[in-house]
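S.K.: Residue strings, one per chain:
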Amino acid sequence: MKLFNKKKRRGGVRPPVFGFFCLGFFFTAVIFANLISPYDPNEGDLFNTTMPPAWQEDGTMAHILGTDMLGRDILSRIIHGSRMSLLISVGCILFYGSLGVILGLISGFRGGRTDMFIMRLADLWLSLPGIILLFMLASIYGPSAKTIIITFGIMGWPNYARIVRGECLSLKQRDFVRLARVAGCSELRIMFSHILPNVFNTIIIMATIEVGGIIVLTATMSFLGLGTQPPSCDWGLMLAEGRQYITYAWWLVTFPGIAIVITVLGFNLTGDWLREVMDPKQKLR
Amino acid sequence: MQGYIAKRILIAIFTIFAVMTVVFFVFRLGPADPVAVMLSPNATPQDAENLTKKFGLDKPLIIQYGNFLKNVSKGDFGTSFRFNEPALKVLFERFPATLKLGLAAFFVSVSMGLCLGILSAVKPDSIIDRLGRLLALAGMSLPSFWVGVMLILFFGVTLRWLPIAGRGTAMHYVMPTLCMSLYPIALITRLSRSSMLDALKSDYVTMARIKGVPEFYVIMLHAFKNAAIPVITVIFGLFGALMVGSAVVVEYIFSWPGIGRLVMESYFARDYPVVQIFVIFVTFVVVSLNLIVDIVYAYIDPRIRYQ
Numbered sequence: 003m004k005l006f007n008k009k010k011r012r013g014g015v016r017p018p019v020f021g022f023f024c025l026g027f028f029f030t031a032v033i034f035a036n037l038i039s040p041y042d043p044n045e046g047d048l049f050n051t052t053m054p055p056a057w058q059e060d061g062t063m064a065h066i067l068g069t070d071m072l073g074r075d076i077l078s079r080i081i082h083g084s085r086m087s088l089l090i091s092v093g094c095i096l097f098y099g100s101l102g103v104i105l106g107l108i109s110g111f112r113g114g115r116t117d118m119f120i121m122r123l124a125d126l127w128l129s130l131p132g133i134i135l136l137f138m139l140a141s142i143y144g145p146s147a148k149t150i151i152i153t154f155g156i157m158g159w160p161n162y163a164r165i166v167r168g169e170c171l172s173l174k175q176r177d178f179v180r181l182a183r184v185a186g187c188s189e190l191r192i193m194f195s196h197i198l199p200n201v202f203n204t205i206i207i208m209a210t211i212e213v214g215g216i217i218v219l220t221a222t223m224s225f226l227g228l229g230t231q232p233p234s235c236d237w238g239l240m241l242a243e244g245r246q247y248i249t250y251a252w253w254l255v256t257f258p259g260i261a262i263v264i265t266v267l268g269f270n271l272t273g274d275w276l277r278e279v280m281d282p283k284q285k286l287r
Numbered sequence: 028m029q030g031y032i033a034k035r036i037l038i039a040i041f042t043i044f045a046v047m048t049v050v051f052f053v054f055r056l057g058p059a060d061p062v063a064v065m066l067s068p069n070a071t072p073q074d075a076e077n078l079t080k081k082f083g084l085d086k087p088l089i090i091q092y093g094n095f096l097k098n099v100s101k102g103d104f105g106t107s108f109r110f111n112e113p114a115l116k117v118l119f120e121r122f123p124a125t126l127k128l129g130l131a132a133f134f135v136s137v138s139m140g141l142c143l144g145i146l147s148a149v150k151p152d153s154i155i156d157r158l159g160r161l162l163a164l165a166g167m168s169l170p171s172f173w174v175g176v177m178l179i180l181f182f183g184v185t186l187r188w189l190p191i192a193g194r195g196t197a198m199h200y201v202m203p204t205l206c207m208s209l210y211p212i213a214l215i216t217r218l219s220r221s222s223m224l225d226a227l228k229s230d231y232v233t234m235a236r237i238k239g240v241p242e243f244y245v246i247m248l249h250a251f252k253n254a255a256i257p258v259i260t261v262i263f264g265l266f267g268a269l270m271v272g273s274a275v276v277v278e279y280i281f282s283w284p285g286i287g288r289l290v291m292e293s294y295f296a297r298d299y300p301v302v303q304i305f306v307i308f309v310t311f312v313v314v315s316l317n318l319i320v321d322i323v324y325a326y327i328d329p330r331i332r333y334q
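Residue numbers (my numbering), protein chains in the order written: chain A, 3 to 287; chain B, 28 to 334.
I should point out that these hints are in silico values taken from the structure, not numbers from a laboratory. Treat the hints with care, since some could be wrong.
Computed from the model, here is a short list of chain B residues facing chain A with C-beta under 7 angstroms [claimed, not checked]:
no.	residue
1	Trp-173
2	Val-184
3	Val-309
In this text, a Cβ means the ideal position worked out from N, Cα and C, and glycines have one as well.
Given only the sequences and the hints, what does the whole structure look like? Please build it.
M.R.: This is the structure in structure tokens:
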């Protein structure tokens with residue numbers, strides 16, 4: 003009976019076709035932004051401002067999703083905005099991922115007091131809401147994509163450190179690590195060329211799952227005016243600009259939001275699937 | 028047990044102290060000159076010097092830090108540039124609005140999340156389970172600021188059913204509460220579902236069923252009581268951080284006169300003392316909540332006490 007259940011469950015992990023579809027959209031936009039976007043995203047046409055999308059009464063096929071208050075084409079801005087989302091989220095994850103992985107490796111490998119110190123620090127860190135650091139940094143260094151990346155970079159490491167430490171603790175006991183020690187490898191070498199490749203799977207899964215959340219967070223920051231500044235193409239920023247015209251131009255706030263949702267759904271579905279396939283032990287959070 | 032609580036309290040005090048220190052140095056060492064921000068455009072160099080003296084900014088940094096700690100111990104967190112009143116007072120005037128909204132969102136998200144989580148764990152693959160999973164995915168993937176804007180567009184602008192900004196009547200609470208609780212609902216549903224599924228598979232639940240305990244009591248008394256522990260930690264532990272993060276966003280969108288809106292206004296007006304007190308206050312609230320959770324946790328779960 004139990005065996006049967008297990009089999010059924012394994013068959014139940016279907017690849018998320020819809021998620022792949024969403025990601026396909028997103029990466030096409032990122033890679034071919036210059037080829038497929040009909041207009042220059044920053045070039046306004048002051049004779050055609052706030053045009054509704056093509057299927058509405060005053061819309062034209064020239065601007066399928068309409069134009070904004072400066073006459074810039076919404077579709078082109080959304081396509082180019084995908085690059086900004088990817089850039090910021092990958093920047094954040096690379097920053098705090100590497101910080102977390104290094105601290106986790108040291109913590110798990112060295113053990114003892116170092117381990118205690120780093121893990122206590124991680125506990126402290128997790129109890130602080132990230133947005134307050136962003137307020138501080140943005141009020142001093144000015145809001146920008148760089149401020150966002152630095153803030154989340156500083157805030158995000160504890161999760162990675164914990165997971166990597168856990169894996170490292172069990173890997174440390176394995177024969178290949180002992181052999182490496184006997185062979186006279188330095189601690190650094192064992193950490194980075196023996197243990198690190200073995201935790202890579204976990205890191206990739208975590209990163210995929212987190213991209214979605216990071217995109218939402220960074221878009222929120224740009225929406226609040228704490229992130230990227232005009233005139234750059236950013237979905238959160240487009241929403242913030244469109245908010246003032248919400249009573250008569252619904253398309254300004256709707257389409258950038260749909261772009262965010264499609265992207266985030268893609269990453270979330272794919273991330274959950276990756277975790278189930280590659281690491282069935284871990285449960286959904 | 029007492030040692031455990033004492034250790035937790037010490038750590039909490041240390042955290043708040045550390046954050047205050049960081050806040051102090053980040054604001055002082057940054058490139059922005061607070062005096063330049065405060066002065067009007069046609070001020071003379073003499074005015075700048077007077078102001079520098081008045082705030083003690085001409086003294087060495089370490090003495091400034093000492094003065095800062097001395098003032099803080101007296102409950103003085105500086106004066107708001109904008110209102111010319113103590114920053115703490117400005118903050119507390121706006122806090123009740125945030126608290127009310129936060130509590131409303133808290134009750135909605137906990138009750139909805141727990142109901143959906145438990146029901147979907149009890150009947151896997153039923154309609155409720157599918158609905159719960161869909162809602163969890165939506166809550167994780169929909170940015171709350173966009174949901175807020177869409178709610179305004181649909182219920183406020185198109186249908187004109189609900190007021191789009193401000194507070195006063197119960198109707199004003201509907202959209203901000205909904206917007207604020209979407210993510211917590213998703214989180215609690217997901218977590219309570221998975222921990223209930225584990226509990227329902229356990230031996231003690233099978234035992235209770237064999238004894239002939241009615242199914243409702245099996246679920247609520249045997250399974251849920253055990254499944255609740257991780258859920259409680261998340262509910263209270265993340266609650267502070269979540270509420271602060273989404274309070275800023277939601278209050279900004281719906282023009283809710285709480286501390287989230289206050290800190291946005293103060294940030295754009297370069298009113299640093301208010302931003303500073305906000306940071307310290309939020310840390311205090313979040314750290315105290317975590318402390319309470321740790322202590323309650325130790326009472327509920329003896330395994331932690333004897334570690």
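S.K.: Are the hints correct? Go through all of them and say.
M.R.: Against the structure, the hints:
1. Trp-173: Constraint on Trp-173(B) satisfied, holds at 4 angstroms.
2. Val-184: Because about 6 angstroms separates Val-184(B) from the closest Cβ in chain A, which is inside the 7 angstroms limit, the hint holds.
3. Val-309: Hint holds; Val-309(B) Cβ to chain A Cβ min 6 angstroms, cut 7 angstroms.
Comparing the model with each numbered hint stated earlier shows that all of them hold.
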